[in-house]
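Protein chains: 4
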Amino acid sequence: MKRIGMLTSGGDCQALNATMRGVVKSLYHALDEVEIYGFEDGYKGLIYSKFRMLTEADFSGILTKGGTILGTSRQPFKLMRVPGADGVDKVEAMKHTYHKLKLDCLVVLGGNGTQKTANLLREEGLNVVSLPKTIDNDIYGTEMTFGFQSAVDIATSAIDCIHTTAASHGRVFIVEVMGHKVGWLTLHAGIAGGADVILIPEIPYDINKVVKAIEKRSKSGKRFTILAVAEGAISKEDAALSKKEYKEKVRNRMHPTVSYEIAAQIQEKTGQEVRVTVPGHTQRGGDPCPYDRVLATRLGAAAAQMILDKEYGYMASVVNGEISKTKLSDVAGTLKMVDPESSIIKETKLLGISFGDE
Amino acid sequence: MKRIGMLTSGGDCQALNATMRGVVKSLYHALDEVEIYGFEDGYKGLIYSKFRMLTEADFSGILTKGGTILGTSRQPFKLMRVPGADGVDKVEAMKHTYHKLKLDCLVVLGGNGTQKTANLLREEGLNVVSLPKTIDNDIYGTEMTFGFQSAVDIATSAIDCIHTTAASHGRVFIVEVMGHKVGWLTLHAGIAGGADVILIPEIPYDINKVVKAIEKRSKSGKRFTILAVAEGAISKEDAALSKKEYKEKVRNRMHPTVSYEIAAQIQEKTGQEVRVTVPGHTQRGGDPCPYDRVLATRLGAAAAQMILDKEYGYMASVVNGEISKTKLSDVAGTLKMVDPESSIIKETKLLGISFGDE
Amino acid sequence: MKRIGMLTSGGDCQALNATMRGVVKSLYHALDEVEIYGFEDGYKGLIYSKFRMLTEADFSGILTKGGTILGTSRQPFKLMRVPGADGVDKVEAMKHTYHKLKLDCLVVLGGNGTQKTANLLREEGLNVVSLPKTIDNDIYGTEMTFGFQSAVDIATSAIDCIHTTAASHGRVFIVEVMGHKVGWLTLHAGIAGGADVILIPEIPYDINKVVKAIEKRSKSGKRFTILAVAEGAISKEDAALSKKEYKEKVRNRMHPTVSYEIAAQIQEKTGQEVRVTVPGHTQRGGDPCPYDRVLATRLGAAAAQMILDKEYGYMASVVNGEISKTKLSDVAGTLKMVDPESSIIKETKLLGISFGDE
Amino acid sequence: MKRIGMLTSGGDCQALNATMRGVVKSLYHALDEVEIYGFEDGYKGLIYSKFRMLTEADFSGILTKGGTILGTSRQPFKLMRVPGADGVDKVEAMKHTYHKLKLDCLVVLGGNGTQKTANLLREEGLNVVSLPKTIDNDIYGTEMTFGFQSAVDIATSAIDCIHTTAASHGRVFIVEVMGHKVGWLTLHAGIAGGADVILIPEIPYDINKVVKAIEKRSKSGKRFTILAVAEGAISKEDAALSKKEYKEKVRNRMHPTVSYEIAAQIQEKTGQEVRVTVPGHTQRGGDPCPYDRVLATRLGAAAAQMILDKEYGYMASVVNGEISKTKLSDVAGTLKMVDPESSIIKETKLLGISFGDE
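Chains A, B, C and D, in that order, are what the protein sequence lines are.
According to the numbering used here, the first sequence is numbered sequentially starting from 312.
According to the numbering used here, the second sequence is numbered sequentially starting from 312.
According to the numbering used here, the third sequence is numbered sequentially starting from 312.
According to the numbering used here, the fourth sequence is numbered sequentially starting from 312.
Looking at chain A on its own, in the form it has when it is part of the complex (with noise of 0.2 Å):
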């Protein structure tokens, strides 16, 4: 008999369930008991120890399901250790969750946070195995999250919509797309939806390179232009600013976020029409993409094997194009960014996409 605690934590994305599904439906097939806690809200349900246990039948049906039927919220790693209001201490709550609860394993959700939590709990000696969850797949030791390719496919999905009112106004338009702090998603969306220029964070901007584009776009007859601008794009000068200088930088901007800055710069020095689209929370909602539905229920199943294998302390994932294993001390604290260097941007360049950089 095992006994799995499971939670989901951080940004909701697409395939959570889908993930679960494929660890509960592994484990039903291969042991004759299992008992499954599902802990709501994410570390806050193992904190408090709110749960309630679940049967297979929680998970049938799920597999196409948006969201998290075990619910999450963001739990930040840097307060694990500060006692709240509560003077709970959380790591100290959590272990004694599990230890009361007799857990076999801890099966973990979650992004880049969740996984240092888990990584934390592993050295306080918890079985941990976790799934990387993320629409930004800017998670270390994996080159695939579950959840980034539907959100791929709904910002392409708006930079397809913005295309054709773009052609038929002869505008220049942005579209905002999510990411945090690096630029996979945006880079995906941007050449899925043919965006003429992509602005990332791992290559910041040079504002008059961007105009550069768009006026070469125009000379050459092009009615408009497209450009796909990451969250967490950042032009060169407010790159070369200490983070603190940055903080402040953006606190104080007049615009709500870089890309209406963006826009009305390009506004001003090309006195062209600028419109600006956040397509938002929708990029990590939604039923999740026949990929993303294939690739948790993969990862589900080699979560599953490794409690079966009680091979600990690992994150399921993705290595050289196939499911594999990495050790949960590799993946936490270290963020995967897009590397300028990397085939995909050399790829993109050679197309003549514009990364605002030369």
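All copies of an identical chain are treated as equivalent in the list; a pair is satisfied when it fits inside any one copy or across any two copies.
Below, simulated PhoX-like cross-link-like pairs (lysine-lysine); rule was C-alpha separation at most 25 Å, straight line: (1) K638 / K413; (2) K660 / K313; (3) K355 / K376; (4) K580 / K533; (5) K554 / K389; (6) K660 / K376; (7) K411 / K621; (8) K547 / K657; (9) K313 / K638; (10) K657 / K313; (11) K660 / K621; (12) K657 / K621; (13) K533 / K361; (14) K530 / K355.
No lab work stands behind these hints: they were computed from the structure.
Here the structure of chain A is known, so what remains is to put chains B, C and D in place on it, guided by the hints.
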């Protein structure tokens, strides 16, 4: 032989190409000889005699294609009689182009402003046939406009995405829906997306009633609430202001749109986390949905029939659920709003969806 | 307090759940006490008293969910009065269940056969309110049924897919569309998908006219032709046969469906390669489109209003483009077919689309 | 100056246009002068010197467009050296066209047969660069082909639709998925669609094991079962036959495809109602999904880079999850099949999905 001028004017939307294809395919099928003059960028092309001759092949394969192959621009009705910087009297210039090209008829696709100008040209003696284009569905004299259902699909899809994320995080979410000064789009997308609160310009809201609706849900154990808010939504206080006072107030509003203002008020009054998503221009872009393709094709054929019958001065329309035609003089200058006493509002209220008014 | 029985009967379609949610949400909102008895698998559950009590929570989150939470089955009307192997008189059994549970009203969702049985139960003294469910749109007394537009979307999407492959290979392609004995679905999907030939039961085709239409396209340089063929399409010869002769002929047909027969004939007469695609049951599955969600919700609320007003014996319907109600006695036993003289057919012919009749 | 010939050959699929755009956009961006010769309908255009000069504008706006702007046809490899009725030696004719046009390189997009011919032309001294096109994902030397993920999306969507109808009616449903002689498409769509049984050519099935899996579900209270069956699925008995015997058997099969045969067997052995749906050619049509647009664009850019580097005789490919290149001599003549011992099969089995083999 018929010589037909054609233009698309105002904000673009889905199914413009499908409609033009419907007109042109029908004319080519019915007549031995047709000449199609496509004016570029709306009335601008007619004013400045910028056009290109189109053949049947130009309309092949565009049934499913968003945007407009002719381009479009906004030419405010109220400036039609006001000579611009170039001293051109726009109406006279349009009549000149029309007569110079010896057109038999001008086919105009557009929204309310466009219809007004079309009616003006009719009054000036031109043969005009028009088609009702807008995602707002606010054109008087027709129950349905093409573009509307496609926009409903996109806005609904945004609400669907927000639904899963709202449910996972237990948040209040506002989706701001387009629609200009009317609530049709928000009403339909709100019902289709399962919104709990729907705010539209035709039913001014009381923020306390909105808050009450949210708190009623919280009390009944629901973790989240979705509000579909029209870009033109207005509070009871603001609706009581004079037009001038209201404009002044909007100018000084510290929030970019009404949704952000409502979000701030809800957050303050309930303490719940509120997020806003604005799908924006995506709602008018992309490819037409099958419903719009059928509607557009039928309206296009109906317009062609009018040309064949020399019945000018009408807009192809939907009346009592059937394709019909409405006098341009009846269409021009009137806005089709949602009637707060209509059956769709009564049905929606019966369901328990709040309009923030009671 | 109201005690409401509810069942879904006949072939399933999209928006069954959305409709039931519309009814139930409205009743819960309007009344202090409601008891909902959900019968399993259509009339079968009513006959054999198989049901479960449902709460408001059962109807939460099902607006967008395809299928039916109650299950469904086909119970042919003509066998209702014929005792089965178990000797049960089905009508008496249904009345018995109804009275035993002291129901105030029975809410029935279904197609033509279902409506006939609903009318029979009305004649037998039960309070019945019905809702028009079918992808075929063939229910008399309503201009629109829920499920229809969702099926149009799927069938159109199939034609869209075939379009690119037909164009690439230069082939004749037949897409066989559902619709039972009527042509609504094929007509709408055919127009929306840009089909060149549309064959529906209401307009028997002459294979030579079909071939002529294909050859006309070839001569004008078109590389491919798309035919949307209703599963009930019939040739002029076959339409002239007696019902018995026709059935006999179909039984001996060497092709699985009429589309394959037409394909063979075209291939023989033109020498062109012809392919057939049959989307089949996919057309009745999946989640409801936004149009159907709005229609279903409104019809559901209208049915609830009837229950509140004790106006029994009606089907919620669409008349002149508005939500209305139609007497069950008028609905039962009549098929709503496409009128070959209707404006939609005239418009489609004006476009040059061939129905194979002229 | 570079003179590039380009052709698309074999069955069409999604992202052919996106790939060609990737090649051409890159070349135009990198070189001052490029001439693109587009051969019509695959190798046929090269054989009979049917081509048109293409400009950059021809590749604008086609990223999202299904099909191929060049047209395609099947030219069996084994007939390449066999003169046709016109006495033409196809290989010599192709070489003649190539040299006559003084091409620097021939870019070939196609599947297995196409790659074999590309390799033959390479052996004959032509500069060839190829790209892996197929929904089947069966090309050796690349982990992924463009078209595959788009086809997975369509096949999965078909299974999704069937899911709701199967659940509502409590039936066994078979969805027959394309894939030629391999099971990739069925495997991925089956996992993504939540199929309970997946039958692929690489794992011959025992019908009794299939029946056992269905009955296990029935016993555990599940109302329905979904089978994803590859068009090339084969039973253990048939797999034991010689190729000749098997062909003979298929020829005499009373069922149109293997799915119908399996359906009849299940129906007979279980007494349950079984339905078959065949999405067919829709799986290779329609517009490319975002994943395929990115893959196609990257592969196209990689092919352009090879041309710039004069590295001929390769196919652009995916190896270890990264864009790479594979020698045409390694690609030609080998089929990439699903390995029954691979991790994806093991994961799928761990989940309890039956392959009908144990």
